[in-house]
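A.B. asks: For reference, the chains in residue letters:
There are 2 protein chains.
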Amino acid sequence: MVQARMEAIGLRQGDGDEAMGMTLYELAGADPALRFSPYCWRTRLALAHKGLAADAVPWRFTDKAAIAFSGQTRVPVLVDGGKTVVDSWAIAEYLDDTYPGAPLLGAPRAHARFINGWVDSQVHGGIARLVVSDIHTVLAEQDKEYFRQTREKALGGQLEALTADRAERVDGFRALLAPARLMLRHGDWLGGAAPDYADYILLGSLQWARCVSRFELLAQDDPLFAWRARGLALFDGLLGRAKTV
Amino acid sequence: MVQARMEAIGLRQGDGDEAMGMTLYELAGADPALRFSPYCWRTRLALAHKGLAADAVPWRFTDKAAIAFSGQTRVPVLVDGGKTVVDSWAIAEYLDDTYPGAPLLGAPRAHARFINGWVDSQVHGGIARLVVSDIHTVLAEQDKEYFRQTREKALGGQLEALTADRAERVDGFRALLAPARLMLRHGDWLGGAAPDYADYILLGSLQWARCVSRFELLAQDDPLFAWRARGLALFDGLLGRAKTV
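Protein chains in written order, with the numbering used here: chain B, 37 to 281; chain L, 37 to 281.
Worth flagging that the hints you see were computed from the coordinates, not collected in a lab. The beta carbon of each residue, even a glycine, is placed where N, CA and C say it ideally should be. Don't take every hint at face value.
[Stated by the list, open to error] Example chain B residues on the side facing chain L (calculated, C-beta under 7 Å, incomplete): (1) Ala146; (2) Ala148; (3) Pro215; (4) Leu218.
Using the sequences and the accompanying hints, generate a full structural model.
C.D. replies: Below, the structure is given as structure tokens:
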């Protein structure tokens with residue numbers, strides 16, 4: 037049953053005892069194979085980067101009881117043997133501390149954390165205003181009212197109204213990505229010569245939109261479009277083969 | 037003569053032969069002691085971080101002939117013995133390669149480069165639109181027409197008109213700094229527990245405004261205000277003791 041679920045969502049089976057024990061609670065839609073949280077994708081990519089396997093358990097916004105043991109109400113929640121770690125940034129630090137091969141964050145970690153904060157504070161609001169109504173569409177019935185109430189309050193408008201003029205606003209969103217675009221003048225990845233957590237942060241956010249919406253965030257001639265294509269192919273197509281709408 | 041100039045601008049005399057040979061061409065105003073280029077400040081802070089001394093030679097926008105030997109037309113230009121290095125980012129990499137003690141950039145360097153690109157692409161335009169008319173005021177006579185023509189073309193307006201409503205626009209500029217502000221929830225510096233080039237990038241940009249203008253970019257209750265105060269005190273007050281208008 038666990039094996040079948042892992043195969044369904046494209047996770048690899050690990051060899052080590054420690055990896056066998058890992059469980060990741062991950063946001064899902066009405067279709068349990070549809071996983072779309074940007075933060076959970078950061079963790080999925082981080083685990084793949086380390087070569088670690090995890091049982092990715094589908095979780096919905098209103099399943100607060102299922103993760104009450106973690107002491108808070110949001111995913112990702114990673115359980116590694118007897119250790120529970122919450123928050124995607126804390127999980128990335130935990131993975132680098134515990135499994136130091138194939139570093140995710142570099143040194144000082146503060147530089148990667150800056151990129152994390154840039155995406156959270158500058159990019160996520162822009163993505164939300166382009167696809168938030170599509171997120172609502174894919175949710176399980178029990179999550180729909182919770183999502184509408186919390187997001188309409190946070191974003192200051194009715195979900196469908198927020199995205200109605202997205203075709204006119206997408207250029208403004210694309211302009212926000214200038215710092216990432218500048219990086220691609222110097223290498224294939226935000227991490228430089230090879231992908232690292234800097235890439236996974238922004239790839240996770242674009243995957244969020246890609247899984248829930250057919251609205252295209254990037255222009256085809258944008259260097260970030262080709263970068264995302266490289267990202268979709270990483271880890272045997274972890275992102276590219278993921279379930280989308 | 038060199039010694040007097042170094043003391044005038046607050047550089048320290050080095051002990052090593054290599055340091056004695058360094059020269060930094062640095063943008064200056066009509067008053068040669070007024071140094072205000074954000075890129076030159078990055079280099080000044082990087083040199084101080086390494087404990088390296090340099091003779092900082094005043095240079096004006098129209099002094100193209102003085103740096104023609106560098107093969108381009110902008111400062112900073114660093115001459116270290118027989119080696120000439122141009123562009124503040126390339127200079128930082130050169131310093132980490134050549135003087136590896138007290139790392140500036142960390143690893144991978146791409147993460148620091150992202151922060152560099154974020155400031156250049158997201159922050160500098162905002163600062164320019166708040167203080168560009170004040171920059172014009174401090175320039176040497178021979179630079180004024182060059183500066184007005186190039187900046188009015190780049191920014192799309194008459195210099196004094198661009199800054200006329202700055203008091204109403206400064207909150208918008210402050211919002212742009214959110215990613216840096218987020219970092220200060222976790223430590224005193226953008227580099228984490230200690231300052232590094234990530235700090236020097238943004239400190240250099242704020243110093244640019246601080247040297248040419250009395251218009252305050254930061255609110256006193258902004259965590260970035262306290263961070264800048266810590267930065268002004270670094271290296272015996274290199275930034276804090278610098279000449280301002």
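A.B. asks: Minimum Cβ distance from Leu218/B to chain L below 7 Å?
C.D. replies: Since chain L brings a Cβ to about 4 Å from Leu218/B, closer than 7 Å, the hint holds.
A.B. asks: Answer holds if the nearest beta-carbon of chain L is closer than 7 Å to that of Ala146/B; otherwise answer violated.
C.D. replies: 4 Å, holds
A.B. asks: Does the closest beta carbon of chain L sit nearer than 7 Å to the beta carbon of Ala148/B?
C.D. replies: Status holds, d = 5 Å.
A.B. asks: Quick check on the hint: Pro215/B CB to chain L CB, less than 7 Å?
C.D. replies: 4 Å, holds
Going through the hint list in order, the structure satisfies each hint without exception.
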